[in-house]
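Given the structure of chain F, go ahead and fit chain A onto it with the hints provided.
So the sequence lines, in the order shown, correspond to chains F and A. Heads up: the first sequence is residues 1 to 479, going by this note's numbering. Heads up: the second sequence is residues 1 to 106, going by this note's numbering.
No lab work stands behind these hints, which were simulated from the structure alone. Please note that a few of the clues may not be correct.
[Claimed, not checked] In silico DSSO-like pairs for lysine-lysine, Cα to Cα no more than 27 Å straight-line:
| id | chain 1 | residue 1 | chain 2 | residue 2 |
| --- | --- | --- | --- | --- |
| 1 | F | Lys11 | A | Lys21 |
| 2 | A | Lys20 | F | Lys33 |
| 3 | A | Lys48 | F | Lys232 |
| 4 | A | Lys20 | F | Lys36 |
| 5 | F | Lys166 | A | Lys21 |
| 6 | F | Lys138 | A | Lys20 |
| 7 | F | Lys257 | F | Lys283 |
| 8 | F | Lys36 | A | Lys21 |
| 9 | A | Lys48 | F | Lys235 |
| 10 | F | Lys164 | A | Lys13 |
| 11 | F | Lys464 | F | Lys283 |
| 12 | A | Lys21 | F | Lys35 |
| 13 | F | Lys101 | A | Lys21 |
| 14 | A | Lys49 | F | Lys232 |
| 15 | A | Lys20 | F | Lys166 |
| 16 | F | Lys33 | A | Lys21 |
[Stated by the list, open to error] Far from chain F, some chain A residues (derived; all Cβ distances over 10 Å):
| id | residue |
| --- | --- |
| 17 | Leu36 |
| 18 | Gly67 |
| 19 | Val68 |
| 20 | Ile69 |
| 21 | Asn74 |
| 22 | Val83 |
| 23 | Val86 |
| 24 | Asn88 |
| 25 | Phe93 |
For each residue, glycine too, the CB sits at the ideal point set by N, CA and C.
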Amino acid sequence: MISNFISFVHKDQIVEIKNLNPNETLLNYIREKLKKTGTKEGCAEGGCGACTVVLGELKNNEISYKAINSCITLLPTVQGKQLILVEDLISKDGSLHPVQKAMIDYHGSQCGFCTPGFVMALFSMFKQYSKFNNGIIKDSIAGNLCRCTGYQPIIKAAESLKNKNKIDHFSKNIKNTIKLLKKINNKSIAIHKRGKRYFAPRYVQELKKILKKNIDANFLSGGTDLSLSITKERKDINSIIYMNSIHELNYINNNNKYIEVGASTPLIDFEYYIKKYYPNFTKILKRYGSPQIRNVGTIAGNIATASPIGDCLPLLLSLNAQVVLQGLKKNKILFLDDFFINYRKTKLKKGQFIHSVRIPLFTKNIFKAYKVSKRFDDDISSVCAAFNLEVVKNKIEFARIAYGGMAAIPKRAKFCERILLNSFINNETIHKAKKALEKDFKPISDMRASGLYRMEVAKNLLEKCCIEIKQKKLIGLYA
Amino acid sequence: MLKEKKENFINEKRPHESGKKHVSGRASYTDDIPELPGTLFGAIGWSKKAHAIIKKINLGEVIKSEGVIAVVTNNDIEGRNDVGAVYNGDPIFPEKRNIMDSHYLR
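Extracted from the complex, chain A is given alone in its bound form:
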């Protein structure tokens, strides 16, 4: 009994569990989820200079723009402003200095 099972499992080609969905276009990805009415969209503001010191960010005009619901900066993050999996080092929003070209500003 056990022997037979082993042989079936090892050395046997198993199709990808989602293979049938993949090849028939039925596998659903994030972009394939229907939009609900009233879905909000996020847009990222990029810094124009690499490794620059941020003295201030003036978002007055942005907030006033038509359709803008909220503007989020590092000040809005209550927890950790970092996505480094083990150590810090991948800040989401820059605080004093943007560390790479086109770092998110808002």
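One chain only, chain F, in its complex shape:
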């Protein structure tokens, strides 16, 4: 069924929005149309978490509660989901939710502006995890900024929730919510409004039909990059195809040679899966962005955006990943190595879309990845480096190295690889390989880092990697 209006569940009711502007953000809708001002606008770019709301999504007859940044979420993408705002946490009898109570009891608010966002981030954690350790607590609030409390009271509030009864008015009412969600989540969306078009297909076949007629459409996944052209550049996006509504593309397969990740698979699911194979991939993804970002962002989106500081990209390059492209007629598989042409330019042609990504399994190799940024969590890389090495008796028998933040595109360090190949890991090799990086890269200076600094960091990360392999231990503050 194709519908020209969206439906979602809010406060135990189905809400329908007709004639919506596909460029409207969820935050604007909440504040200006619903007139619920508890959800705040801070940065308007998905960085501060003040606008955090929770979306309930039906998954295997259960609801998963995902924190998202409403400021960069386009309103039509809430189709088929349950919207939960900070105002909705209080029960009908006026009693506070355990998360809200904990935030008061442990003095988690001072000026209070960021508080609704923290409450919602913690609410999502409270609902998603049956048990949570300090790692989960810190990750859950990594996407929320607070300038008053110094975070300790908020962390203590979260810790106090460990022993709290999990029953709240959402769990008491879950059967009804699931019933409502099932009523509305079986439709595709096609909206035409004053020259603006928005499509949310549910199947690949449907996507192809839409693409044929809308060859210039922008693909939208998490929108963590695309939405900024609306919120920051004040531009209009006239034609949008939403990819994350295609459940067919939300999968992770493994044939023991490679892992295939569908284009609409959220990063948060992938980071959980890949941990077993490449623990460093998960480590980088935790710092790729906050849960609010990873809940919606995808690997395919990261690849299509082709930003030189997209943190998945150097990792995927060093793992020799392939991109599976589908066109209207033909399908094509490209090595990621050949995919990036220039700054934010890729080989993706009009009429093509990214279907999936294949990540080879190097079972004999050591895979290490590092990210250096000004802030530890939720920040853009100054330099990101990935090393895929096979080392036999201290001799490097295979080397694939790639860097982010060092060139206009995420790029391999081929000169450096050549030095390392068939060499023994010793000071001389390290020295030569570091020198070779100067041939591979001429990094630019910008507000994040100077070119000289980037080069120095790139060299030092290489040295760190070699030393860690040789000494068989991790080095550093965050090791």
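This is chain A only, laid out in the frame that chain F set:
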């Protein structure tokens, strides 16, 4: 009587007086106040050069622009053109020289 009161007050955790409002999204901030119909909006004109001497400001086109009700410069300030709490030193509008990058011009 007095002793009991003291004990209740000191060493006792008091919740933030606005805590309940904060955690439930009911605390109202400037941006949360509903806009009245006809609300005017201010926009700031920034200088493009740091520490430059201002010879003249031509605002003719700005005033003519659609929807512009008024343009305010230092000439419109009748009192003190400064927000320094104790001493002067934080001018609102520059007079002869803008003292920092992107100082307000209008």
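Outcome of the hint check:
{"no.": "1", "hint": "Lys11/F <-> Lys21/A", "verdict": "20 Å, holds"}
{"no.": "2", "hint": "Lys20/A <-> Lys33/F", "verdict": "24 Å, holds"}
{"no.": "3", "hint": "Lys48/A <-> Lys232/F", "verdict": "20 Å, holds"}
{"no.": "4", "hint": "Lys20/A <-> Lys36/F", "verdict": "16 Å, holds"}
{"no.": "5", "hint": "Lys166/F <-> Lys21/A", "verdict": "23 Å, holds"}
{"no.": "6", "hint": "Lys138/F <-> Lys20/A", "verdict": "23 Å, holds"}
{"no.": "7", "hint": "Lys257/F <-> Lys283/F", "verdict": "22 Å, holds"}
{"no.": "8", "hint": "Lys36/F <-> Lys21/A", "verdict": "13 Å, holds"}
{"no.": "9", "hint": "Lys48/A <-> Lys235/F", "verdict": "24 Å, holds"}
{"no.": "10", "hint": "Lys164/F <-> Lys13/A", "verdict": "21 Å, holds"}
{"no.": "11", "hint": "Lys464/F <-> Lys283/F", "verdict": "16 Å, holds"}
{"no.": "12", "hint": "Lys21/A <-> Lys35/F", "verdict": "16 Å, holds"}
{"no.": "13", "hint": "Lys101/F <-> Lys21/A", "verdict": "11 Å, holds"}
{"no.": "14", "hint": "Lys49/A <-> Lys232/F", "verdict": "23 Å, holds"}
{"no.": "15", "hint": "Lys20/A <-> Lys166/F", "verdict": "21 Å, holds"}
{"no.": "16", "hint": "Lys33/F <-> Lys21/A", "verdict": "21 Å, holds"}
{"no.": "17", "hint": "Leu36", "verdict": "14 Å, holds"}
{"no.": "18", "hint": "Gly67", "verdict": "17 Å, holds"}
{"no.": "19", "hint": "Val68", "verdict": "19 Å, holds"}
{"no.": "20", "hint": "Ile69", "verdict": "22 Å, holds"}
{"no.": "21", "hint": "Asn74", "verdict": "29 Å, holds"}
{"no.": "22", "hint": "Val83", "verdict": "21 Å, holds"}
{"no.": "23", "hint": "Val86", "verdict": "25 Å, holds"}
{"no.": "24", "hint": "Asn88", "verdict": "29 Å, holds"}
{"no.": "25", "hint": "Phe93", "verdict": "26 Å, holds"}
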